[in-house]
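Trainee: Listed below, chain by chain, are the residues.
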Amino acid sequence: MTSEAEQREIQEFADREYKYGFVTDIDVDVAPKGLNEDIVRFISAKKEEPEWLLEWRLKAYRQWRTMTEPTWAKVEYPPIDYDDIIYYAAPKSQKDGPQSLDDVDPELLATYEKLGIPQKEREVLAGVAVDAVFDSVSVATTFKDKLSEMGIIFGSFSDAVREHPDLVRKYLGSVVPVADNFFSALNSAVFTDGSFCFIPKGVRCPMELSTYFRINTANTGQFERTLIVAEEGAHVSYLEGCTAPMRDENQLHAAVVELIALDDASIKYSTVQNWYPGDKEGRGGIYNFVTKRGACRGARSKISWTQVETGSAITWKYPSCLLIGDDSVGEFYSVAVTNNRQQADTGTKMIHIGKRTKSTIVSKGISAGRSQQTYRGSVTIRKNAEGARNHSQCDSLLLGDRCGAHTVPYIEVRNPTAQMEHEATTSKIGEDQLFYCNQRGLSTEDAVSMIVNGFCKQVFRELPMEFAVEAQKLLSVSLEGSVG
Amino acid sequence: MTASAPATDVWADLFEAARPRLPGAGRVAGLRRKALAGFRATGFPTQRQEEWRHTSVAPVTGTAFEPAAPPSREALDRAAALLETLPPTGADPAAGGSIRVVFVNGRFAPTLSSRETVPDGVEIASLDEVLARPDEDLEARIGSLVDGTGHAFAALNTALFEDGLFLRVPSGTRLASPVHLVFLAVGGAAATAVHPRLLYLLEDDAQASVVESWRGEAEAPWLSNTVVEAWIGRNARLDLLEIQEQTLEALHFRALKVHQAEDSRFASACLSIGAHLTRNDVHIRLEGPGAECRLDGLTLAQGDQHADHQTKIDHAKPQGTSHQLYKGILDDRATTAFSGRVLVEPHAQKTDAQQTNHNLLLSPDAVADSKPQLEIFADDVKCAHGATVGQLDQDALFYLRSRGIGPRAARRLLLRAFASEIAERVQDPELREIARATLERHLPGGEG
Chain D
25 MTSEAEQREI QEFADREYKY GFVTDIDVDV APKGLNEDIV RFISAKKEEP EWLLEWRLKA
85 YRQWRTMTEP TWAKVEYPPI DYDDIIYYAA PKSQKDGPQS LDDVDPELLA TYEKLGIPQK
145 EREVLAGVAV DAVFDSVSVA TTFKDKLSEM GIIFGSFSDA VREHPDLVRK YLGSVVPVAD
205 NFFSALNSAV FTDGSFCFIP KGVRCPMELS TYFRINTANT GQFERTLIVA EEGAHVSYLE
265 GCTAPMRDEN QLHAAVVELI ALDDASIKYS TVQNWYPGDK EGRGGIYNFV TKRGACRGAR
325 SKISWTQVET GSAITWKYPS CLLIGDDSVG EFYSVAVTNN RQQADTGTKM IHIGKRTKST
385 IVSKGISAGR SQQTYRGSVT IRKNAEGARN HSQCDSLLLG DRCGAHTVPY IEVRNPTAQM
445 EHEATTSKIG EDQLFYCNQR GLSTEDAVSM IVNGFCKQVF RELPMEFAVE AQKLLSVSLE
505 GSVG
Chain B
316 MTASAPATDV WADLFEAARP RLPGAGRVAG LRRKALAGFR ATGFPTQRQE EWRHTSVAPV
376 TGTAFEPAAP PSREALDRAA ALLETLPPTG ADPAAGGSIR VVFVNGRFAP TLSSRETVPD
436 GVEIASLDEV LARPDEDLEA RIGSLVDGTG HAFAALNTAL FEDGLFLRVP SGTRLASPVH
496 LVFLAVGGAA ATAVHPRLLY LLEDDAQASV VESWRGEAEA PWLSNTVVEA WIGRNARLDL
556 LEIQEQTLEA LHFRALKVHQ AEDSRFASAC LSIGAHLTRN DVHIRLEGPG AECRLDGLTL
616 AQGDQHADHQ TKIDHAKPQG TSHQLYKGIL DDRATTAFSG RVLVEPHAQK TDAQQTNHNL
676 LLSPDAVADS KPQLEIFADD VKCAHGATVG QLDQDALFYL RSRGIGPRAA RRLLLRAFAS
736 EIAERVQDPE LREIARATLE RHLPGGEG
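Sequences listed follow chains D and B, in order. All residue numbers for the first sequence refer to the numbering used here, where the first residue is 25 and numbers rise by one. All residue numbers for the second sequence refer to the numbering used here, where the first residue is 316 and numbers rise by one.
With the rest of the complex left out, here is chain D (with noise of 0.2 Å):
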């Protein structure tokens, strides 16, 4: 390959324009710009909230005005005025509150046709019970019943708010104390709904939960709230993907979730963010600030992240585990794109309280453009870690000579017991290798999207077979036209 020819496929790598973008027009319910003690008020009268939940709200707004805006990760956007932010929009026809999906506003429906999710289809071919977030407001859960024959509470964060408030007063913020972060206050004292499940002592949950964000009205900030909880020797898997429709304002996303897992059981999370992220000049786009964490309470438990990260403007993202019981295991399994301006710092924490405790860590970056990612991890071995484990590997791609790659892994070990390595790579696709699969017939283009998503592999494979399709499909969307 000559270096002309790179420096086209670099340019119509760079030139490829967000292929998921619409606007949908619904009347919406909005909060006043601005954030204070009255909008959290507003907020919480809003969602017919308990006092205590109020309370707690106001607990982490108060923590929240005290706190500054973390700085230390390697991304740069200008200044964020959170006086110029709506804190709250709500569909109108949310107040009557759908039925069935055929109660549900058909511009709605449209807008997930264009993504490609029919619902019902969904339904019966994968058997997936969606709880569609639409800007905030849960539009549809399906599969409702049949879950909760099982004892499975799989809904709206505000329905549980409702239907279960001892469960989510017990378990709401005991992962992500209120003040952990300036993000993460934010989101406590704001946030709008989200997805609670809880599966109960000895239940494997029969099917895949999937939530589908979907961020709607211009300059809605997005504060969405999970919280799984496992029981002792429960079972179950979620995803969470996202797609977003294209505007030009910066989108402000500070979303937390929290995963419980007691004796025996396991949670495997796994995500896919194609969020916008911004034209080629890095205009608009989402600000992606996350606090993902989960909690190994129980033995023998088992917490694993899995994430392919392809949009939003700026990513800030640390899904982590807290091993706390013994012979718990977490995981946490990345791929992420970067292109245009996009910028991306993240990474994980792994924290081994428990004796025995094994962690594994995959992370796999491809940078491309004029973007900027690191990877940016921790693992730390607490003295009582007996015979901990870990494992990293972070490996990076770059596709073009104006991008970067950086990894910043911490590693803090107070174990001698403990066994602890950590390995990263950085290269390019190499051009023998590309030599070779043209050699043997291939295109250079074909020959790409081969090597790309052999190195990606080891983490598609822990994806849930319909995230695992969907992710080729965007890597290769990604790469679409980058080669000559």
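Source of the hints: derived by calculation from the structure; they are not laboratory data. Careful, some of the hints might be misleading.
With a straight-line Cα cutoff of 35 Å, these simulated DSBU-like cross-link-like pairs (lysine-lysine) come out [said to hold, decoys possible]:
id, chain 1, residue 1, chain 2, residue 2
1, D, Lys98, B, Lys697
2, D, Lys98, B, Lys665
3, B, Lys349, B, Lys697
4, D, Lys304, B, Lys627
5, D, Lys481, B, Lys572
6, D, Lys481, B, Lys697
7, D, Lys304, B, Lys697
8, B, Lys572, B, Lys665
9, D, Lys373, B, Lys627
10, B, Lys572, D, Lys373
11, D, Lys98, D, Lys225
12, B, Lys665, D, Lys57
13, D, Lys481, B, Lys349
14, D, Lys373, D, Lys83
15, D, Lys382, B, Lys697
16, B, Lys665, D, Lys304
17, D, Lys98, B, Lys349
18, B, Lys572, D, Lys382
19, B, Lys697, D, Lys373
20, B, Lys627, D, Lys407
21, B, Lys665, D, Lys373
22, D, Lys194, B, Lys627
Since chain D is already given, all that's left is putting chain B on it; use the hints.
Mentor: Okay, now just chain B, sitting in the frame of chain D:
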């Protein structure tokens, strides 16, 4: 920051008192003032600062240090005796041909040094000597790599250095045998601070190897705060071996900055064995294409020792190579931190950077922290890093025991194997012998 404010005042007073006797006028004096002003503005680092997370400077800020006085006749006699009794560093003047420069309490000791065999054109002089006479080239160089900005200890050194070494190897000259620098601490009862400053200037095609040996008998807190600035010219080569065997009273700070020109080669091995607290800051800038650098380090720590190694390699031009291997063996409550940063600037294509940190923890209270970082802005590069922390390999121990080797001997054998890799990687044969001999003294024997 406010907590260390009184400590900064103490050092400012020390500076004012020392000022009349500090060598260097004009530019150097200005450099000193600027460094001190910078230090007063920022103060000592706290553990809230990312680069100082793992190292508390409380032993420095909490002690009232006096500047080292010029060594008395007794001190020099004591130093001469120490040179006899301490295990040899390999710098035996009787062997002939070797160049030895001895510093006692930070000051050049001409009576203990032997410079007879220095080839023509090569300059090996104490900084005090050379700053006494006008030397524009030197004055322009000193502080041009390290002026103390952003580093409290380098700033203190810049403000307060009283002596040190200037090594200049002219274009095309190769030193046949290593230059041995011996820094002896001959302590009294008072807490003492020395700030040696070392300048290594290798012009194009020059070649030299240097052993820095830090040792002594200090029984009161001993702050050894060194700055090394090195320029390695086109196709020149510098091999450096640092052996740090100070007493446990010592606080050893050393900041090294190297600028490497096209096709130059720099290799450094650091054996960090003594001192209560060790902090090494290494910053290499590969300024010419095809430059190669190699940094190796071994930390042997026990008791309450703490060693912190910070390296930064800046690949500014294409085809550069950097290989780093840092190892640590930690016993008792010893702690270590390694933070390595490899920066590949845009257009520094064909860079090959490797960074490895392995730590062995021998006790439940030993601590190892590691932060290997890659920052890469060019695409056609080969960069990798790796880190491991663990205890001795149980399978290897079992294997040795199944071959009839006792548990203690097996353990020693494995420890030696782990440590000696650093000595074996030294390429200069004379330096390698010295490194081997040093490890031999500090590692438990293989028998028994």
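Trainee: State for each hint whether it applies.
Mentor: Verification of the hints:
1. For the hint pairing D:Lys98 with B:Lys697, the CA-to-CA distance comes to about 22 Å; that is within 35 Å, so the pair holds.
2. For the proposed pair D:Lys98 and B:Lys665, the alpha carbon gap of about 24 Å is at most 35 Å, so the pair holds.
3. A distance of roughly 40 Å separates the Cα atoms of B:Lys349 and B:Lys697; the hinted pair therefore is violated under the 35 Å criterion.
4. For the hint pairing D:Lys304 with B:Lys627, the CA-to-CA distance comes to about 33 Å; that is within 35 Å, so the pair holds.
5. For the suggested pair D:Lys481 and B:Lys572, the alpha carbons sit about 42 Å apart, so the restraint of at most 35 Å is broken.
6. Proposed proximity of D:Lys481 and B:Lys697 is supported: the alpha carbons are some 21 Å apart, at most 35 Å.
7. Distance restraint check for D:Lys304 and B:Lys697: the Cα-Cα separation of roughly 28 Å lies within the 35 Å cut-off, and the hinted pair is therefore satisfied.
8. Restraint check for B:Lys572 and B:Lys665: the C-alpha separation of about 23 Å stays at or below 35 Å, so the hint holds.
9. Among the hinted pairs, D:Lys373 with B:Lys627 is consistent with the structure: their alpha-carbon atoms are about 24 Å apart, no more than 35 Å.
10. For the suggested pair B:Lys572 and D:Lys373, the alpha carbons sit about 33 Å apart, so the restraint of at most 35 Å is met.
11. The suggested pairing of D:Lys98 with D:Lys225 is violated, with an alpha-carbon distance near 42 Å, which exceeds 35 Å.
12. In summary, the hint linking B:Lys665 to D:Lys57 is not supported, as the alpha carbons are separated by about 51 Å, beyond the 35 Å threshold.
13. Distance restraint check for D:Lys481 and B:Lys349: the Cα-Cα separation of roughly 55 Å exceeds the 35 Å cut-off, and the hinted pair is therefore not satisfied.
14. Only pairs whose Cα atoms come within 35 Å are accepted, and D:Lys373 paired with D:Lys83 is accepted, the gap being roughly 26 Å.
15. Pair hint D:Lys382 plus B:Lys697 holds up; C-alpha atoms about 30 Å apart against a cutoff of 35 Å.
16. Restraint check for B:Lys665 and D:Lys304: satisfied, since their Cα atoms lie roughly 28 Å apart, inside the 35 Å limit.
17. Taking the CA atoms of D:Lys98 and B:Lys349, the gap is near 31 Å; set against the 35 Å cutoff, the hint holds.
18. About 40 Å separates the Cα atoms of B:Lys572 and D:Lys382, which puts this hinted pair outside 35 Å; it is violated.
19. With a C-alpha separation of about 26 Å, the suggested pair B:Lys697 and D:Lys373 falls inside the 35 Å cut-off, and the hint holds.
20. Straight-line distance between C-alpha atoms of B:Lys627 and D:Lys407 comes to about 30 Å, which keeps the hinted pair within the 35 Å bound.
21. With a CA separation close to 32 Å, the supplied pair B:Lys665 and D:Lys373 stays within the 35 Å bound.
22. Restraint check for D:Lys194 and B:Lys627: the C-alpha separation of about 47 Å exceeds 35 Å, so the hint is violated.
This entry does not satisfy hints 3, 5, 11, 12, 13, 18, 22, going by the numbered hints stated previously.
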